[in-house]
Amino acid sequence: MRQGQGGDEDAGGSGESGSMGRGKGWRHAMKHVEFRTAASAQGGLVVMAGVPGVAAGSRVQLRDHAGRLRSGQVIRSADDAVLVEVFEGTDALDLERTWVRFLDEPFRLPLSRDILGRVFNGAGLPRDKRPPIVSADRRDINGEPLNPAARAYPREFIQTGISAIDGMNSLTRGQKLPIFSGGGLPHNRVAAQIVRQARLLGEASTEFAVVFAAFGASHADARFFQESFEESGVLDKVVMFLNLADEPVIERLLTPRAALTAAEYLAFDLDHHVLVVMTDMTAYAEALREVAVLRGDVPARKGYPGYLYSDLAEIYERAGRIRNRRGSITMIPVLSMPSDDITHPIPDLTGYITEGQIVLGRELANQGVYPPVTVLPSLSRLMKDGIGKNFTREDHPHVASQLFASYARALEVRGLAAIIGAEELSDSDRRALDFADAFERRFIGQGEDEDRSIHETLNLAWDLLSMLPPESLIRVTEEELAKYHKDTA
Amino acid sequence: MGRILEINGPLVKLELPQTLIGEQVRVGRMGLVGEVIGRDGGTALAQLYEDTAGLRPGEAAEGLGWPLSVELGPGLLGAIFDGVQRPLHAVRTLSGDRIARGVAVPSLVRETRWHFVPAAQAGRTLAGGDVLGSVQETASITHRILVPPLLHGELLELAPEGDYTVDETIGRVKLADGRIEKLALFHRWPVRTPRPFRQRDHAVAPLITGQRILDTFYPLLKGGKAAIPGPFGAGKTMLQQQIARWCNAEIVVYVGCGERGNELTDVLEFMPELTDPHTGRPLMERTLLVANTSNMPVVAREASVYVGITLAEYFRDQGYDVVMVADSTSRWAEALREVSGRLGQMPVEEGYPAYLGSRLAAFYERAGRVETLAGDHGSVTLIGAVSPPGGDFSEPVTSHTKEIIQTFWALSKELADARHYPAVDWLESFSGDVKSAAKWWAQAVDPEWEHARAAALDLLAASEELQRIVNLVGVEALSSEQRWTLESASLLKEGLLQQAATDEIDSFASPQKQFALLAALLEIHRQGLKLVQLGAPARRVIQLPLLAQARRWKSQHGSDDLEALKAKIAAIPEAFEPLLEDYAAGAGRG
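Chains V and H are the protein sequences, given in the same order. Residues 1 to 489, numbered by my numbering, are exactly what the first sequence covers, in order. Residues 1 to 590, numbered by my numbering, are exactly what the second sequence covers, in order.
Fair warning: there could be bad hints in the mix.
Unchecked claim - With a Cα cut of at most 30 Å, we get these calculated DSSO-like pairs of lysine-lysine: (1) H:K493 <-> H:K435; (2) V:K384 <-> H:K493; (3) V:K483 <-> H:K435; (4) V:K486 <-> H:K568; (5) H:K402 <-> V:K486; (6) V:K302 <-> H:K413; (7) H:K568 <-> V:K302; (8) V:K31 <-> H:K566; (9) V:K384 <-> V:K486; (10) V:K389 <-> V:K483; (11) V:K389 <-> H:K493.
Simulated from the structure, these hints should not be mistaken for lab results. What you are looking at is a predicted structure, and each value in this text was computed from that prediction instead of being measured.
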């Protein structure tokens with residue numbers, strides 16, 4: 001859905017297209033002209049005839065016979081036929097009684113400091129019964145790709161207070177770290193807890209903001225977040241973009257883009273540290289598939305279009321930091337894996353773009369462990385650069401690695417015990433089993449309001465590692481063993 | 001001058017007669033650039049390298065008269081280019097933090113003056129690829145100025161030693177037909193045409209990456225082709241960055257094709273701080289980056305791998321060993337699929353066009369060790385990452401690639417989940433170059449290499465078999481000897497195969513260190529085996545403190561500190577002696 005329109009439209013006239021006998025004046029007038037030349041309509045698409053010189057990607061406004069307004073976008077433009085995608089669909093549209101205006105600009109979002117504390121719909125219009133944002137600063141919601149040479153690498157550790165994340169899959173400022181979840185799992189509660197607790201070590205929280213985007217979410221989910229923001233008293237720091245489950249599907253394609261345009265403004269114009277929470281990326285991808293099918297695009301996997309990867313990347317890659325700018329965008333998209341399948345195209349392609357993933361598991365959730373973070377398939381790619389000496393604590397990288405190794409081995413033992421029975425296990429295997437239980441209960445499991453410091457998390461990790469014989473802990477150094485292991489210390 | 005007829009995503013139909021397929025076009029008021037991919041009567045179909053939103057039917061279009069080409073000359077090293085060789089630092093100066101459309105910047109800086117030392121003599125007949133002279137571009141790399149490959153004629157004059165910009169005329173050549181051609185420090189070459197060479201050579205030496213699982217177990221020769229397939233999170237990028245950092249090539253071309261922006265930033269920020277272990281110079285001096293991150297336009301993604309390989313071939317033609325890392329070839333294939341879908345071509349597997357396999361093969365064929373036109377030897381080693389959807393190696397891109405390459409470094413999700421890095425699966429991976437590599441190792445390191453490698457792989461395979469039994473009936477069902485095999489394999493995995501990229505000492509292992517560790521761990525295995533065969537229970541042998549100590553050797557002794565490691569290795573039998581005395585005596589009594 002890359003449809004950004006060139007900077008200042010029409011600036012400086014247009015010599016080339018002037019040769020067609022239509023100058024700047026004609027196109028300016030075009031914004032105000034309604035065409036009634038719809039030649040055909042089907043499945044959300046309308047073909048307009050006899051409208052030459054329409055810009056690709058331009059916004060369109062349709063008025064039907066009942067006077068209702070619909071919006072759309074030009075997806076193909078030739079002199080004899082212009083193909084328009086109508087966001088609200090083509091139901092109850094009469095070709096002879098449809099009036100179409102070409103607004104000659106892409107979708108834009110008006111921006112000012114006043115967006116903080118506001119609630120918008122998926123296309124950026126107010127849904128909180130307050131007046132629209134008025135600003136001369138109106139930005140194309142598609143943005144422009146960030147130059148890799150302008151990025152600053154994320155290195156600042158964000159403490160979320162959740163051990164499974166801080167200790168083993170640390171989040172850094174400017175990272176995009178999705179939550180892979182499934183129906184019925186507490187991903188919303190985890191996301192809300194991160195929003196409540198996230199802070200930088202050794203820094204009083206300065207200018208921060210939250211951008212929350214929901215697409216295809218239920219009214220209950222939207223209310224849950226709203227209440228959670230209210231309770232933690234950050235509501236005036238939150239901008240919300242809501243396109244709920246019963247609202248136009250195609251508008252979902254705009255929602256994350258509008259939200260990220262607001263986030264970029266807050267981060268890189270107003271120097272805020274912005275946390276973007278988006279839910280649910282699966283609903284977004286399904287909307288994209290729906291539109292792709294209408295357009296007749298060749299499907300790749302499971303009916304999703306071949307450009308799903310590029311399209312998701314346009315969204316996710318808007319997270320990050322920029323050199324010489326103070327603000328940052330940290331992104332936590334929530335994604336429910338269809339049938340808990342991590343190899344489904346949506347989580348699969350997401351995992352190739354984002355900098356890791358926090359995976360929630362049904363097994364842990366069923367055992368009553370909250371947050372049910374399945375640590376082995378979880379990953380934070382930027383962790384290595386944001387932890388350890390000078391960032392968190394010198395033993396952090398090794399402790400994390402050791403926890404992964406010990407827990408992975410303990411799970412193998414648990415699988416074995418299920419077959420041959422725990423009585424048959426050797427002594428060291430039994431210790432591993434106890435470790436696995438304690439690790440899940442005490443390290444992964446914690447209260448929804450429990451905010452653990454990174455030191456608490458690491459000390460807890462050593463308590464648990466001390467259940468295992470020191471000689472089996474080869475990912476930590478001998479000095480660290482001497483200092484922290486309860487048997488040797 | 002033509003005009004735009006229709007805009008459909010990145011495809012634009014133009015009224016533009018007399019253009020060649022493959023020719024570059026510039027369209028619209030924004031001056032967007034693209035290439036012609038089809039002709040029909042007086043119309044041309046072009047795909048643009050940039051987003052087409054805002055273009056209108058009726059706007060002007062022109063053919064530029066040349067295919068997609070790169071500029072080859074001094075100033076390439078240390079640079080970062082986009083998928084069509086625009087220098088990203090210069091683009092930033094012009095258009096700010098975000099890449100605006102229609103930005104036109106020359107690929108090579110025009111202002112810099114390079115100190116040129118002539119080597120050819122006026123009056124002599126020159127052929128393409130001959131060396132005109134050289135520019136010391138960085139402390140470690142001498143940039144040889146080559147005659148453009150297709151040029152042949154008499155050198156009328158050549159500039160004396162001095163400082164020149166890349167586009168100043170430094171010489172004139174009289175062609176056979178009497179025309180006179182000017183020479184500069186740089187020339188252009190179309191990226192989709194392989195650069196010519198005299199003949200292919202046998203690859204003779206392995207590429208040393210400093211990564212034990214690669215060098216010792218699945219070697220790749222200089223001039224070879226390798227693939228790194230792996231699901232997300234298996235550590236593909238990390239492994240490729242390790243190769244780019246530590247390999248003993250003289251030039252590294254790193255192509256980030258449809259990957260994360262932050263990864264390139266990481267390379268950009270990190271590389272200048274690192275020194276080349278082989279020359280002691282900053283790594284950035286031998287590195288070129290080509291970046292088309294996943295949020296940059298998809299058509300330029302398709303071009304980016306060709307830009308990368310052409311840059312690699314150019315340095316090969318100067319007589320260098322070049323490594324090109326392409327991360328990821330799957331994104332390139334997907335870009336191909338996207339464009340073919342828009343053209344309405346019949347898809348075959350998973351939406352990919354029928355020509356996927358032949359395109360991949362033709363691309364990988366550009367790797368190789370060659371005798372250059374000037375009679376030097378140079379090589380391009382091509383390492384392509386593959387990102388199979390869902391980690392399924394039977395998907396089209398992985399399976400086609402597997403048929404083309406010689407070395408296959410398969411990454412495993414299970415290993416990565418247990419944080420066993422590099423997560424190269426020792427059973428799935430293969431190398432067709434072991435025999436050739438063995439000759440080198442026998443000469444340069446130790447004649448025992450091939451045997452030791454095979455013994456270690458046997459041990460790993462045997463342990464995999466035993467593990468299956470253990471998973472069914474538990475470890476108690478195994479004999480002492482079998483349990484010792486399991487333990488030795490685990491020692492190999494933890495003490496040798498696992499290698500921490502973030503650990504200063506462990507990050508790079510010289511071939512000597514690799515072999516020393518391998519030999520040491522095998523020696524421990526043999527000593528233990530002897531004991532177990534004498535009747536010692538495996539449990540007692542496993543408890544020897546030596547086993548925990550040996551797992552740490554890799555990160556205790558750097559490649560320049562092998563004496564201390566060798567001392568420990570020499571002491572291995574001592575650690576077994578007390579037990580050996582017990583059981584040898586026991587056996588004697590019995």
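Quick rundown of the hints versus the structure:
1. Distance restraint check for K493 of chain H and K435 of chain H: the Cα-Cα separation of roughly 23 Å lies within the 30 Å cut-off, and the hinted pair is therefore satisfied.
2. For a cut-off of 30 Å, the pair hint linking K384 of chain V to K493 of chain H stands: about 22 Å separates their Cα positions.
3. Restraint check: the Cα-Cα separation between K483 of chain V and K435 of chain H comes to about 48 Å, which exceeds 30 Å; the hinted pair is violated.
4. At roughly 29 Å between alpha-carbon atoms, K486 of chain V and K568 of chain H fall within 30 Å of each other, so this suggested pair holds.
5. Proximity of K402 of chain H to K486 of chain V is assessed by CA-CA distance (about 50 Å); at most 30 Å being required, the pair is judged violated.
6. Between K302 of chain V and K413 of chain H, the direct Cα distance comes to roughly 23 Å. Compliance with the 30 Å bound is thereby established for this hinted pair.
7. Taken as a hint, the K568 of chain H and K302 of chain V pair is broken in the structure, with Cα atoms around 57 Å apart against an allowance of 30 Å.
8. Pair hint K31 of chain V plus K566 of chain H does not hold up; C-alpha atoms about 81 Å apart against a cutoff of 30 Å.
9. Between K384 of chain V and K486 of chain V the alpha-carbon distance is near 26 Å, which keeps this suggested pair within the 30 Å criterion.
10. With a CA separation close to 15 Å, the supplied pair K389 of chain V and K483 of chain V stays within the 30 Å bound.
11. Only pairs whose Cα atoms come within 30 Å are accepted, and K389 of chain V paired with K493 of chain H is accepted, the gap being roughly 28 Å.
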